[in-house]
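Visitor: Hints given; two lone chains; assemble the complex.
First to last, the protein sequences are chains A and B.
Counting from 1, one number per residue, gives the positions in the first sequence under my numbering.
Counting from 1, one number per residue, gives the positions in the second sequence under my numbering.
These are computed hints drawn from the structure, not numbers from a lab.
Hints may contain errors.
Every beta carbon over 10 Å from chain A, so not counted as near; a handful from chain B, in silico [unchecked claim]:
| hint | residue |
| --- | --- |
| 1 | P40 |
| 2 | R52 |
| 3 | Y53 |
| 4 | N64 |
| 5 | L65 |
| 6 | S68 |
| 7 | E70 |
| 8 | L73 |
Only pairs whose alpha carbons sit at most 20 Å apart, straight line, appear in this in silico SDA-like list of lysine to any residue [to be verified]:
| hint | chain 1 | residue 1 | chain 2 | residue 2 |
| --- | --- | --- | --- | --- |
| 9 | B | K19 | A | G190 |
| 10 | A | K199 | B | A27 |
| 11 | B | K19 | A | I206 |
| 12 | A | K33 | A | K76 |
| 13 | A | K33 | A | Q72 |
| 14 | B | K44 | B | I56 |
| 15 | A | K98 | A | F58 |
| 16 | A | K199 | B | K23 |
| 17 | A | K199 | B | R30 |
| 18 | A | K199 | B | R62 |
| 19 | B | K13 | A | K3 |
| 20 | A | K3 | A | F134 |
| 21 | B | K23 | A | I201 |
| 22 | A | K110 | A | D77 |
| 23 | B | K44 | B | R62 |
| 24 | B | K13 | A | E191 |
| 25 | A | K199 | A | V146 |
| 26 | B | K13 | A | D197 |
| 27 | A | K199 | B | E29 |
| 28 | B | K19 | A | S203 |
| 29 | A | K76 | A | D100 |
| 30 | A | K189 | B | I17 |
| 31 | B | K13 | A | E145 |
| 32 | A | K189 | B | A18 |
| 33 | B | K23 | A | S147 |
| 34 | A | K78 | A | F134 |
| 35 | A | K199 | B | K13 |
| 36 | A | K94 | A | F134 |
| 37 | B | K13 | A | P257 |
| 38 | A | K189 | B | A15 |
| 39 | A | K189 | B | P12 |
| 40 | B | K19 | B | E29 |
Note that the coordinates shown come from a computational prediction; the quantities given were computed from them, not determined experimentally.
Glycine included, every Cβ here is placed at the ideal spot set by N, Cα and C.
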Amino acid sequence: MAKVVVVTSGKGGVGKTTTSAAFAAGLALRGHKTVVIDFDVGLRNLDLIMGCERRVVFDFINVINGDANLNQALIKDKRNDNLFIFPTSQTRDKDALKRDGVERVLEELKKTFDYIICDSPAGIEHGAITALYFADSAIIVTNPEVSSVRDSDRIIGILSSRSRRAERNEPPVDIHLLLTRYDADRVAKGEMLAIDDVKEILSIPILGVIPESESVLRASNTGTPVVFDTESPAGRAYTDAVARFLGEQREMRFVTPERRGFFRLLFGRA
Amino acid sequence: MSLFSYLFAPRPKSASIAKERLKIVLAHERAGRDAPDFLPRLQKELLAVVARYVQIDEDMIRVNLGKSGETSLLEINIEITGAKPKDRPVLAG
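Isolated chain B, as found in the complex (with noise of 0.2 Å):
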């Protein structure tokens, strides 16, 4: 690079990388922050149930509480789309 380029290339504000950085960190930890404390819980227990029937990974279960016009909103996915089913069910106990 030349010592003309260098000199006056346009570099990055670091000002506005920071505001980038703090909305979408902001963003994420505002979402996390209004979930009640049971959800972490519900999902691992919920994991373990749908585990016994089919092969499942951690990632693919995921639990919202939402709200939808009045009322609330208890949102499950389990996403099952590759996952085999399992011989025979083990059951708990």
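So here's chain A without its partners, still in its complex pose (with noise of 0.2 Å):
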């Protein structure tokens, strides 16, 4: 039975698109035929990360309007053969994301493959709604960051009233938090909101932590989602998540401070 997850924060410039593509990649590397979808439409982002900006001919309003079929649209990746990229409209028209028209995009979806990612646009405007609204499971992306965990609260509290799963009164959509930009040296210090508080505040259970990383950006820099990178603590971390999302279990890694040896402090971070 395919599952719908959407990907999604409230606030902006948490990495949403980021955990989308390592979400997506991550599930395709574990042999699940996945489409990640970006629903931010008028600000296409998610062919960028995914490194495929210059082989978007139709996106997803041509297909939900019927001017392209999912063949058309769909991009196949060129690292993955499980994983599929559905670009976004670049259109200033916010009402251009029917909700029957994603309706049945994503039921056709459903049919041939395992994972269908919603890259969620931020705030909770129509785009946000859209994107949340047919989800089996959400990812909430987080920083340890007071705006970001008040801004997740208030995504919560729309999932579990305004999605379709709400609306029916079937089973909740399964919520799962992804801390994100965790830095450990800062909360041994006390400087930033550690894993436990940020639990405790949203009372959701943790899918992983991402730490900061230069890799990170590496990744976007070269549109390649960042679990391909699997020396970085960022990929390995999204690969673990990816892990626990599939019902493993897996300690988490990088979150306490690493030791640091002498060349180390001299030099920076690796």
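Guide: Put into structure tokens, the structure is as follows:
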């Protein structure tokens, strides 16, 4: 049974698209046929993060409007056969994302894919609501910072009251927390909210903690989902999070300050 | 303050301040979120009716929708201690 997973946060700039790309690629690497859809109409960016910006011909809105079919719009990833990218449109018409059209496209995608990852826009407007409406699972991307935690709480409230599962009194959306840009050194110094603090405040289970890492910018610079960087802490943390999402038990890594050798201290972080 | 006490005085950790602030603001916001949309309007209209008979301030009325066991409870609190009765009811119309 295909699963619709929304990646959302309320607040912008916390790592939704990075997470969508990493998660989709991670699921594909585990052998699941996965498509990642950009719901941020007007501000297309998933294509850049996935490195397929020059291959976009048709988009999500074209398919909703019947101007193109799915096969024409879906972009097959060059690194993994299980991975497909569904770019959004650059139109300024925010209402182009019609709910019944989205439902039709999702039903069509469910026939061929195991996982449908919906990369939500920031905010709590039409686009964000449409992205989460059909979700079976949600990944709430949160930074250990007050405004991000507050906005996450808001979006969790919306998921449990305005999603289709809530409206139909079906079993609720399965909500997971993903803590990104975590700096274990600053947490140890009491300068940043710790995992347990955020877990206690939001009271939802933690799927993973992604350390603040230079590899994330490097990944977006080159258009490579960060899970493909198997050396980097962020890439490995995302791989762990995907495994937990698939039901495996994995211990949290990169959540305590790393001991640094003399040369590391002298020459900065790797 | 001496240099010594400046360097070694315990300072409140900013993360724990963040946690406390979040707990308070979210408790408040969650309570408001579950309230139905019509409550503010109901409160306003009730206030208008009561104000025809007694002098009353906006903050003297509180309308809440709660639960008591199995039954929903619409709780209306109107504080009129100190409020002066009006000489003559002003009827709408």
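Visitor: B:R52 clear of chain A by more than 10 Å, beta carbon to beta carbon?
Guide: holds (37 Å)
Visitor: Run the distance test for A:K199 versus B:R62: straight-line Cα separation, threshold 20 Å.
Guide: violated (33 Å)
Visitor: Does A:K33 pair with A:Q72 here, judged by a C-alpha cut-off of 20 Å?
Guide: holds (18 Å)
Visitor: Has the given pair, A:K199 with B:A27, been kept, meaning a C-alpha gap of at most 20 Å?
Guide: Answer holds: A:K199 to B:A27 is near 15 Å, not above 20 Å.
Visitor: Within a Cα-Cα threshold of 20 Å, do A:K199 and B:R30 meet the stated pairing?
Guide: holds (16 Å)
Visitor: Could you grab the alpha-carbon distance between A:K94 and A:F134 and see if it respects the 20 Å cut-off?
Guide: Satisfied, since the Cα-Cα distance of roughly 18 Å is no more than 20 Å.
Visitor: Taking only the CA atoms, is the gap from B:K13 to A:E145 under or equal to 20 Å?
Guide: holds (14 Å)
Visitor: Taking only the CA atoms, is the gap from A:K110 to A:D77 under or equal to 20 Å?
Guide: Judged against 20 Å, a Cα distance of about 18 Å means the pair holds.
Visitor: Do the alpha carbons of B:K19 and A:I206 lie within 20 Å of each other, as the hint requires?
Guide: holds (17 Å)
Visitor: Please work out if A:K3 and A:F134 have their alpha carbons no farther apart than 20 Å.
Guide: holds (10 Å)
Visitor: Does A:F134 lie within 20 Å of A:K78 when you go C-alpha to C-alpha?
Guide: The given pair, whose Cα atoms are some 28 Å apart, is violated under the 20 Å limit.
Visitor: Minimum C-beta separation from B:P40 to chain A exceeding 10 Å: can you confirm that?
Guide: Label holds. Min Cβ-Cβ 18 Å, cutoff 10 Å.
Of the numbered hints stated above, those contradicted by the structure are hints 18, 19, 29 and 34, listed in ascending order.
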